[in-house]
Amino acid sequence: MKKRIVAILLALAMLLSTVALAETAAYPVEGEGSLTFVATEPNTLNMVQASSNLDSAVFYLTSAMLYRPYNGNVYPELAAKCDVSEDKLTYTYTLKDAVYSDGTPIVAADFAYYMIATMDGTSAAYYKNGTKYMNGECTAADVGIYAKDEKTLVVELEMLTADFSPELEIYPLQQAFVEAKGEQLGGTPADLMYSGPYVLTEWVYGSYMTFKKNPSYVDAAASFPLAELRLIHSVDESGRYSMFTSGEADVLTFISEETQQMIPNQAKQYVSDAMQGLEFNTTGMMFDAAQGTFLPRDAEVTKVLSNENFRKALSYAINRELLVMVINPSGLPVNRLVTPMAEGNTDGSRFVEDYPLTADYAAPITGDAEAAKAYLAKALEELGYASVKDLPTIKYLCFENGAFRLMAETLQSEWKSILGLECIEIEMKPVQDAVMSMVFLNYDIYFQSVSSSSATPRSFLEQWKTGGAISDAMQSGAPFGSVYSNAEFDALVEQAMFEFDTAKRQALIAQAEQIMIEEHIFVPILLQGGYYAVQDYVQGFVSVGNQEGYMFNHTTVTK
Amino acid sequence: MEEIKLTGHPFDDGLTDDDFAPVPDRSAIVDSIRPSMRYWPEVGRRLMKNKVAVFSILLLTVIVLMAILVPILSPYEYDATSLMSARKPPSWEHPFGTDKVGRDMFTRVFMGTRTSLIIGVVGAFLPFVLGMVIGAVSGWFGGKVDMIIMRVVDIMLCIPSMIYMILILVVLGGSPTSLIIALALSGWMGSARSFRGRILQFRNREFVLAATTLGARPGRIIVRHILPNILGNMAVGLCSAIPGAIFAEAGMSYIGLGISPPMTSLGQLSSDGMQVFLTQFYLFFFPSLIICLIVFALFLFGNALRDALDPKLRDEDYLARMYRKTRRLTIRNTKKEAAANE
Amino acid sequence: MTKYILKRLLISILTIWAVATVCFFLLRLLPGNPFILQNPLDMKNAEKMMAFYGLDKPLWEQYVSYLQSLLRLDFGYSLTHVGRSVNDVIVQYFPITAQLGIQALLLGMPIGMALGIVSAVRRGGAFDYGCQIGSVVSTSIPSFVLAAVMQLVFGVYLKWFPVSQWLSFRHTILPTIILSLGIIAGHCRSMRTLMLEVGRQDYLKTAKSKGISNVRIVVFHQIRNAILPMITGLGMEIASLLMGSYIIEKVFSIPGLGAYFVTSITGLDYTMTMGLVVFQAAIVVFANFVVDLLYGLIDPRVRIV
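Residue numbers (this note's numbering), protein chains in the order written: chain D, 1 to 559; chain L, 1 to 342; chain A, 1 to 305.
Keep in mind that the hints were calculated from the coordinates and are not lab data.
Misleading hints may appear alongside valid ones.
Straight-line Cα separation of at most 27 Å, BS3-like style, residue types lysine-lysine; simulated pairs [unchecked claim]:
#1 K48/A with K212/D
#2 K148/D with K132/D
#3 K96/D with K132/D
#4 K151/D with K88/D
#5 K181/D with K57/A
#6 K378/D with K389/D
#7 K144/L with K3/A
#8 K335/L with K325/L
#9 K208/A with K132/D
#10 K268/D with K250/A
#11 K416/D with K144/L
#12 K128/D with K57/A
#13 K128/D with K88/D
#14 K132/D with K250/A
#15 K181/D with K159/A
#16 K7/A with K144/L
#17 K504/D with K212/D
#18 K151/D with K81/D
#19 K151/D with K181/D
#20 K148/D with K128/D
With the C-beta cut set under 7 Å, the calculated list includes, among others, these residues of chain A facing chain L [claimed, not checked]:
#21 L30
#22 F144
#23 V145
#24 L146
Facing chain D, a subset of chain A residues (Cβ under 10 Å, in silico) [to be verified]:
#25 M49
#26 D88
#27 R123
#28 Y129
#29 S143
#30 A147
#31 V149
#32 G256
#33 Y260
#34 L268
Note that the Cβ used here is the ideal one computed from N, Cα and C, for glycine as well.
Generate the whole structure from the sequences, applying the supplied hints.
In structure tokens:
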């Protein structure tokens with residue numbers, strides 16, 4: 001059974017990649033034409049320490065990959081083949097012949113080094129001895145990721161799970177180079193090795209980067225036709241708009257809604273995988289970093305927030321559709337945790353269609369003022385308050401970030417006008433302070449943004465598992481963002497991890513989702529979206545579904 | 001009588017009859033040349049005589065009245081969102097339009113005017129006064145005290161003010177009071193410097209030496225003798241520091257340190273409007289217009305106040321006026337005499 | 001003279017040291033942790049990074065090692081922009097910021113002073129009021145909006161200048177003009193005030209009664225004496241211009257230091273902030289030193305020795 005799924009996945013991947021390759025004509029190896037795009041420059045090109053999407057967007061250009069994602073699919077790049085062992089715990093990748101731009105061959109050890117060097121708590125759990133290594137209980141040599149010979153990479157899993165995807169989107173990274181460069185790694189174009197479609201030739205911090213086509217890239221003849229790419233770093237909206245209208249820029253990877261209104265014909269929309277919603281601190285405690293202990297929070301506020309009907313009242317009062325249309329029109333209003341894009345039981349179906357929500361436990365997208373009032377009345381009765389005026393002051397933690405303040409002000413005003421609540425107070429903090437407060441649970445209500453970068457609904461839900469990624473540190477004494485903890489939910493998510501039958505797994509996930517929605521501790525509101533703009537003479541530009549992503553695999557310019 | 005006209009004189013194009021009129025009887029005006037006038041009433045009188053000053057006071061009064069009355073009388077709450085009527089351009093219903101989430105901008109702008117007037121005026125005044133006191137101490141006592149204070153000023157000017165603003169607000173929490181304290185503690189250095197320079201300028205002047213010899217205390221000398229001499233320029237400086245404070249508040253709300261939402265300020269409204277000024281110009285225009293008007297009125301008022309405050313200027317103007325009056329009198333007398341002679 | 005210079009040098013070094021010390025400890029008082037900010041959900045990574053950069057050691061030890069590297073003029077590597085050395089950032093981008101600042105000053109100061117002189121001479125006239133209104137409007141309209149409008153008018157519609165970037169002299173024109181507007185307004189106002197003040201001095205009356213022409217009086221007596229006090233403020237002004245303008249750099253995508261000043265503080269990039277602050281302190285101290293020397297040369301009444 002398990003073998004079959006892997007085989008299907010692999011076959012599918014092969015098929016897709018051949019389709020992707022077949023679609024495209026051969027391009028000259030040196031490339032043709034140039035394109036200028038506006039984006040935010042990466043923070044760092046140090047592969048070991050890079051963490052943001054901005055960084056990986058550049059690695060996508062400068063580095064070869066074992067498997068390369070493109071336009072929603074993944075196809076093998078340096079992986080010639082992948083053999084799976086009988087017990088499906090060992091994956092053996094055979095590499096194609098490829099070299100870095102300086103002529104050194106890319107070897108399996110470079111991939112192994114990259115994987116081990118960039119391992120984090122979540123990814124480590126998959127690999128043999130990964131968690132032990134992270135905890136310092138064994139050395140890197142004991143981890144189940146190693147190079148058998150120059151062309152063979154072996155990956156051994158700790159245990160069999162339904163989540164592991166063998167199409168590893170990893171880069172080669174030469175250990176000797178990393179060690180030779182030390183702190184300088186990734187600082188300037190000379191402090192990088194290039195195996196990808198482009199070579200970074202110039203980087204003026206805060207201004208621009210120039211990429212030249214790399215003829216030694218393995219797929220140089222079949223993809224990335226442009227000879228030169230120029231990234232202009234601009235974080236200013238009117239500057240971007242001016243550059244686009246004056247023709248200085250061919251692509252804007254991110255524009256605001258206002259700019260979109262001015263160039264409606266060139267502007268395009270995307271929906272990202274970042275889910276935003278309200279999180280209620282029902283734990284009644286916060287972490288005091290100075291003392292290293294937990295302190296109790298205001299007992300009365302905790303009592304109110306812990307009342308399920310109170311939280312429901314707040315959630316039902318929100319007209320998500322209208323709210324999102326007004327504040328973030330590119331976003332998608334949601335009232336559930338699994339994103340509408342998630343795949344369903346059969347090929348082509350969607351999870352949200354296979355497992356629709358029922359009205360009795362989820363707030364409708366357009367809100368329900370009457371139900372909200374009823375829930376509030378029930379909550380007041382349960383809590384023993386005569387009127388809404390007696391409720392204690394509840395603090396909504398917020399920081400200045402795009403639409404966050406506007407969201408807070410609007411929610412406050414809507415709750416006031418629909419429910420008559422005057423007890424919600426917005427607490428603005430500088431961003432450093434706000435993030436620390438969020439991490440240490442020093443808030444009552446917080447507008448949380450959760451990324452579900454690994455598209456499966458299960459791994460998204462897993463973030464709320466007690467001891468999962470978000471609440472990981474609860475164990476080690478330092479709390480993290482999530483306040484959610486439910487044993488039944490945990491069990492379902494855990495069970496789904498080892499359930500290889502798609503329909504059964506999806507059913508478990510749907511059950512876990514329902515539990516979480518019913519509790520209304522994390523209340524989803526929208527999936528963040530955005531706009532980008534492409535000039536009419538640019539063909540084949542693909543924006544990644546996150547802020548400022550860009551893919552030029554088959555982009556051509558015909559002026 | 002034949003008219004005599006001399007040309008080519010370096011001082012004047014020609015001489016008229018008046019120049020040959022007899023010197024008037026000064027006994028009539030000699031008592032009133034320097035009527036005993038207290039300083040402040042005199043300042044007030046001169047201010048009220050200045051049309052520009054009156055205009056600026058009227059303008060300020062109107063703005064203050066609007067800031068008080070509009071939020072009270074408006075049918076809309078400044079913080080009440082109305083998602084159905086978002087992004088409406090100016091109309092009779094919403095004279096300044098509505099913002100992204102449908103709040104009436106007319107009410108919001110004047111609510112913001114309240115905040116900005118308080119923060120702008122107090123936030124400019126407090127650092128100014130603090131700087132004045134420190135600058136005066138430094139300039140008057142000189143020597144080691146001066147050295148230490150000036151080095152502290154140098155050091156504080158080198159450290160980005162954002163660092164202490166964040167620190168102060170993290171310690172005190174984000175309230176208008178802590179905002180003003182943050183503005184004061186991070187903004188006094190400039191005025192301390194210039195005030196010190198002024199004190200040094202006057203320290204060795206004769207009237208100050210005279211006061212010292214007569215045994216006046218330093219505080220009295222600075223307040224009674226030096227201050228009136230420089231108050232005028234200081235008033236202008238103060239008025240031009242107000243837009244700085246208004247925008248500093250907006251800058252601080254940008255890093256999450258301003259007044260807590262849903263309360264707003266002109267600086268915040270203007271900076272929010274800046275982001276959309278190409279598509280919804282009115283969201284930027286109205287708050288900025290009010291800022292411009294406040295700044296302009298204060299600037300004119302500051303200039304008028306300087307003229308009114310300056311004791312030297314007072315003498316000059318007074319003498320000039322007296323001179324003109326004398327001439328008029330003389331001419332009249334001469335003409336009368338001439339008529340009588342005929 | 002040598003003694004004076006040596007003394008000033010000692011004070012300068014002490015000032016820079018004091019700035020470094022105060023800033024070092026103030027920065028560490030800011031709430032938060034640079035690595036948690038980058039990746040709020042990964043506390044373990046943050047701890048690892050803190051250890052890697054030696055930020056987990058006692059503050060005192062960190063301070064001593066910072067001072068040691070400061071003595072070698074090594075500002076270290078940025079914490080948020082991994083791989084960027086602070087020294088490199090300063091060496092590469094300070095010339096650009098300095099060019100912009102100096103161009104703006106060279107353009108703005110003469111114009112501002114000329115406007116100030118004319119409005120002082122024509123006090124109360126239409127020109128004077130025009131200048132005053134102009135300076136009020138330019139202080140109340142944020143440079144961000146001016147920059148955006150100029151970009152649209154001169155870059156997009158008229159196509160006279162490029163919209164952004166910093167590649168040739170033509171690219172520098174728009175940002176220079178916008179940066180100089182503030183300088184013009186400031187200098188116009190202070191020059192006007194100083195001119196009027198000087199105009200009341202007795203020596204001008206003497207000059208007038210000696211029969212010197214009005215033009216001569218304005219040029220040789222009034223302006224000369226009015227310029228002197230302006231030099232005192234020049235040191236600070238040059239220093240702040242040399243450290244860049246965040247907004248103008250942002251709007252025109254100019255690779256300058258101004259942006260780092262803001263982002264490194266909000267991102268808690270300790271090494272970058274420290275490097276920039278210490279560098280700025282050095283410039284301020286040096287500029288003030290030069291101005292004081294200059295003042296002694298120009299104004300015979302001031303003796304510096």
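**Prompt:** So which of those numbered hints doesn't the model satisfy?
**Reply:** 1, 3, 9, 11, 12, 14, 15, 17, 24, 27, 28, 29
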